[in-house]
Amino acid sequence: MSDLDVADTNVCDVVIIGAGPAGLAAATRLAEAGLRVVVLDEQQRVGGQIMRQPPSEFRIREWMDDAVYRPLKSLISRAEADSRVDWKMGCTVWGVFRSTLPQGGFDVRYVQGKRSETLYSPRVLVAAGCTEMPAPFPGWQLPGVMGAGALQSFYKSQQLVVGRRIVLAGSHPLLLVVAQQLARAGANVTGVFFAQPWRRVLNGLRQPRALLSGAPLLWQATGLLLDLRRRGIPLHFSSCVTAALGGDRLEQVEWAPVVNGRPQQDPRHTLACDALGVCYGFLPATELARLAGASATPAEGGGWRVCSDADGRTDVPGLHVAGEQTGIKGAAAALVEGRLAALALLSDIGLIRPDDPHLPRTRKALAQQRRFAQLLTQLSTMSDEFFGALLTDDTLVCRCEDIERRQLSTTLTENQLLRAASATKLLTRAGMGLCQGRYCESTIRRLLRSQGSAQPGGFRPRAPVRPVPVEALCRSPDASAIRWDELHSCNDPEHR
Amino acid sequence: MTFRVANGVTRIGPMTLLVDGREVPAYNGETIATAILAAGIQSFRRDSRGGWRAPYCNMGACHECLVRVREPAEPAGTDARWTRACMEPVRPGLVIETGEAP
Chain X
1 MSDLDVADTN VCDVVIIGAG PAGLAAATRL AEAGLRVVVL DEQQRVGGQI
51 MRQPPSEFRI REWMDDAVYR PLKSLISRAE ADSRVDWKMG CTVWGVFRST
101 LPQGGFDVRY VQGKRSETLY SPRVLVAAGC TEMPAPFPGW QLPGVMGAGA
151 LQSFYKSQQL VVGRRIVLAG SHPLLLVVAQ QLARAGANVT GVFFAQPWRR
201 VLNGLRQPRA LLSGAPLLWQ ATGLLLDLRR RGIPLHFSSC VTAALGGDRL
251 EQVEWAPVVN GRPQQDPRHT LACDALGVCY GFLPATELAR LAGASATPAE
301 GGGWRVCSDA DGRTDVPGLH VAGEQTGIKG AAAALVEGRL AALALLSDIG
351 LIRPDDPHLP RTRKALAQQR RFAQLLTQLS TMSDEFFGAL LTDDTLVCRC
401 EDIERRQLST TLTENQLLRA ASATKLLTRA GMGLCQGRYC ESTIRRLLRS
451 QGSAQPGGFR PRAPVRPVPV EALCRSPDAS AIRWDELHSC NDPEHR
Chain Z
1 MTFRVANGVT RIGPMTLLVD GREVPAYNGE TIATAILAAG IQSFRRDSRG
51 GWRAPYCNMG ACHECLVRVR EPAEPAGTDA RWTRACMEPV RPGLVIETGE
101 AP
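As given, the protein sequences belong to chains X and Z, one line each in that order. Okay, so the first sequence: first residue is 1 according to my numbering, each after it adds one. Okay, so the second sequence: first residue is 1 according to my numbering, each after it adds one.
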């Protein structure tokens, strides 16, 4: 590596991955302290998924005008005006590695345009957010079926309403927000299906301490319910979509009542629609932090959360995390957590004192936010049995490799000792495709749990964490330093 | 039908893309996925069994919206490259093919 000329422009004090609320809050605070900060994000503009901005070429009279978005909007405009931060947008980070440079730190590798570039930094903050939780059911691969968040981001950022008749289904309150936004934009929302009983929501509301911290969101939710009612949008509780039906595309959904947490076989109803948005919750997108060596543990609502101390330090020195990385908690909490991670980082390098009063103050604010987040998770998480009952024999579990539940069940029955999704992958190919297991890992882990494996392992994160063209890697100025043998092959020590 | 919200939204730079040989309108800042969906095309690529797929996540994670693209300057016959339609902004004259399996 010493023969390699590392340009000054590729060296910085902190690399932040993700320009959502956590990343933005951290970036502005660190830049204020005089650090050289580079922020990498795959989107064209900052904001993350929650504040997915329209292209700068669009002029929009009212964008995300609800009061609840105000703090995030002001964060975005402060961030975009902050020229001390080096904003690198449209960049796909494909790996974070312990550095090959003698001084240590990290190599952060990303593709921008047609080639791979590298940033060298002693510290990295991963704030890469989350993805929607996959919940396979028959027909979920049909065109027209998508994440409710996808329907929402087409509207928020592209001002596009997908579908003429839209159905929303799942268990997460995001469905209410999406229903209202699309209805306001002129869409015909023909049904919103919540799998959990209304009773569960009411019971949840008996936790005054948690409620207090979530007051603005609760206010928003109450307004939403009234507004949807006024608009005549049918809202169903204890009901779920059990199948997407159609030939080449979605034509109708089948839905059923949910009794004791299980969708019923009888009665089954149908409802015509050409778009279905599904949301049962979110999974932290922690593959980069884990690739860099951070340990992780199963998250409460599914997926993996990175293990960190109260201020976002992982067990890898210099590697920090903030936002959904440490468990799903929403944008308001992510913003506070980003600020806290920045303070911790500043204290580590001696730019603020360890007894700086902002630290305990920020921790306290975060604790409040977290209580409400836990309540939300409790209200919206469905059981393994529920998701298991949505799967039929020919439901696709792995969308990329077209692997049905039938094939996975057979493999699991024949190999009773399977304890990890990574081993299941080698036997079935489920998880080997382009999404790299993001849309099947949680289902495979559920199947393993139903076979008696209490804490099944997942897929080992592997670089590149997103498919990137080999051409882009070859064009990298330090292609010789890429550890090709570590890239996406079956060199997992467990299965070699 | 899928539609662009017009009320309160001003788009600039109208342009034309070629999707499967058909002229499709688009605006500056739109993604390829937006232009395809707004044109009433609902299917993007095939899966290994011949079934159709279309955007699922709209954030670059699921790879269901892959299409083949060629720059307008590239001569016909040039190898098209795969791209995530939801992540790539449009450019005038972009040549897009749907219906292939990656």
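Keep in mind that the hints were calculated from the coordinates and are not lab data. One or more hints might be untrue.
Straight-line alpha carbon distances no greater than 16 angstroms define the calculated EDC-like cross-link-like pairs of lysine to aspartate or glutamate that follow [said to hold, decoys possible]:
no.: 1; chain 1: X; residue 1: K114; chain 2: Z; residue 2: E97
no.: 2; chain 1: X; residue 1: K364; chain 2: X; residue 2: E414
no.: 3; chain 1: X; residue 1: K114; chain 2: X; residue 2: D478
no.: 4; chain 1: X; residue 1: K114; chain 2: Z; residue 2: E100
no.: 5; chain 1: X; residue 1: K88; chain 2: X; residue 2: E117
no.: 6; chain 1: X; residue 1: K114; chain 2: X; residue 2: E471
Consistency of the hints with the structure:
no., hint, in the structure
1, X/K114 - Z/E97, "violated (20 angstroms)"
2, X/K364 - X/E414, "violated (51 angstroms)"
3, X/K114 - X/D478, "holds (15 angstroms)"
4, X/K114 - Z/E100, "violated (22 angstroms)"
5, X/K88 - X/E117, "holds (11 angstroms)"
6, X/K114 - X/E471, "holds (8 angstroms)"
Hint compliance for this structure: hints 1, 2 and 4 are broken, all remaining hints hold.
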